[in-house]
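Trainee: In case you want the letters, here they are:
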Amino acid sequence: MDYTEEYQLQIEKIREALGCDIIALALVEPAENLHVLKWQYISGNISERIKKVVLQSGKGIAGGVFKNGKPLLVSDVSEFAARDDLFNYPILRLEKLKSIGATPLWHGGRVVGVLLGGFREPHLMTPEKLQMLISMSKSGMGTLDGKEMMRN
Amino acid sequence: MISDKKEQLVDMMLQMYENSTEAIFFFSSEGKTISMNPAAENIMDVYALEQLKKGAENALCNVCRGYTSESDLTTCRDCYFTSSNHGNFSSFQVFLETVGKGLVPYSATFHVIDDEKGTRVFILRDLSIQFETQTKLQQNTMMKNIIKAQENERKRISRELHDSVAQELLSAVVDLRALKYMTDDKEVLKKTGESTATLIRLMDDIRNLSVELRPSALDDFGLEAAFRSHFKRVEESYGLTIDFRSTVKRARYENEVETVLYRICQEAVLNAIKYAQVETVQVHLLEDGNTLQLIVKDEGIGFIPGENPIGSGLGLYGMNERAELVLGNVTINSEIGKGTTVHLRVPLDENREVAK
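Protein chains in written order, with the numbering used here: chain B, -9 to 142; chain H, 642 to 997.
Among the hints, a few may not be true.
[To be verified] In silico DSS-like cross-links for lysine-lysine, where the CA-CA straight-line distance does not exceed 30 Å:
| id | chain 1 | residue 1 | chain 2 | residue 2 |
| --- | --- | --- | --- | --- |
| 1 | B | K41 | H | K831 |
| 2 | B | K57 | H | K796 |
| 3 | B | K42 | H | K979 |
| 4 | B | K88 | H | K938 |
| 5 | B | K28 | H | K915 |
| 6 | B | K49 | H | K832 |
[Unchecked claim] Label-pair distances were calculated between CB atoms; the ranges are:
| id | chain 1 | residue 1 | chain 2 | residue 2 | range |
| --- | --- | --- | --- | --- | --- |
| 7 | B | L(-1) | H | E828 | 29 to 35 Å |
| 8 | B | E19 | H | V829 | 20 to 26 Å |
| 9 | H | Q791 | B | E19 | 33 to 39 Å |
| 10 | B | L76 | H | D860 | 31 to 37 Å |
| 11 | H | R848 | B | L63 | 28 to 34 Å |
| 12 | B | K57 | H | D884 | 31 to 37 Å |
| 13 | B | K3 | H | K821 | 37 to 43 Å |
| 14 | B | K3 | H | D860 | 47 to 53 Å |
| 15 | B | K57 | H | G743 | 50 to 56 Å |
| 16 | B | L76 | H | A866 | 26 to 32 Å |
| 17 | H | S870 | B | L(-1) | 35 to 41 Å |
Read the hints as simulated data drawn from the structure, not as lab findings. The beta carbon of each residue, even a glycine, is placed where N, CA and C say it ideally should be.
Just chain B, same shape as in the assembly (with noise of 0.2 Å):
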């Protein structure tokens, strides 16, 4: 079984725990790719297209999250500080996202991708299941981005 696979199946597992509309992993691409951070495993995604998005560091959920190296809630959406200018978070559009939790995944003291789960109604992601996702990215993902570091 190749990365890939493993890793679409952590996070589908992921999304079975937590009970989920979506669950997201972006990752730094490797060097030959610029090191850009895309979302590049999803599950329960309504379209392909927030896979093409290119993440800037420090813009977006997983930008903030990346260059932050802090977990996000936002319980609800349109309580959101940006909520004016979600345009600027595009997996909040794309995927109609009413409440997400983010998490950064740590690898040899650096941040190496961003774990989201989202739900497409409000208040639905909680301070319990955001720790509940934190600590499944700790078990789940940290046998897999070891590996994924040595590729790059």
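Dock chain H against chain B, hints included.
Mentor: Structure of chain H alone, referenced to chain B:
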């Protein structure tokens, strides 16, 4: 014959007094109202009118808010009404509180028409429309100058970022890469590899910033190239597809025309991203006879032109202002549920100096 002419003149003077839109007052040497025409009565409120008719002292002060002197916009110092120096008040600006229109600036003249009796005439002409026109003109010129200044400043910062900051960073990256010929230490190489990646990402950020400010492609390669790279970036950043068609024959246009087209297109596409809720936007660049045209079309939710905008509403205003810079015009058609079309037309081969 002479009396005939005089009669005619008196008749005309009376008609002018009755029907003029200018307010005319006659005051005696003591400052009492002798007479005032209908236009003058119309702008006075009931109390002031009563006082004036009674010939009360300082009756005009009820409505007068001062005149414009060399030092103040409105002042009562050396009042035109009581001043002995009548020569100064053959033409001046005065503010009156009027019924219905509030505070109105008037161009006024106040002078003695009968030296013996000391009768004086006070004529007022409404200046508010002229003032509005002037303010509008001032705003327009200001807006255009701001747009130009902004564009120049953006160009400068963008060049600076692209040519010096990004170049220096590139040298740093090259230096770091040279390390692998100097050591075999895996740990060191791994760490420098990570640093290189960070630097490259930073360089990309700076390039993006530079392009966002002002794409050098616009200055170096022209509209089509700038549009293509801009649309690619939009697709990458927002997940929106832009269907771009260009049928223009020339590669380059005047620098000003290119800037205006690029900025208006950028604004129109950004509006579609922000508000239209669509996944595709069509952009068509064409030349028709002597006009260069740009059409940005989406099939989104649309809006009612003139209604309260969701955003600031300044974007649409700015588009028009920009178009006027090159004697062009923008029409925006939108219908709820059908989408929005922004159509820009810019005349080519015009003498643009007039607009500058």
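Trainee: List, from low to high, the hint numbers that the structure doesn't satisfy.
Mentor: No hint contradicted; all consistent.
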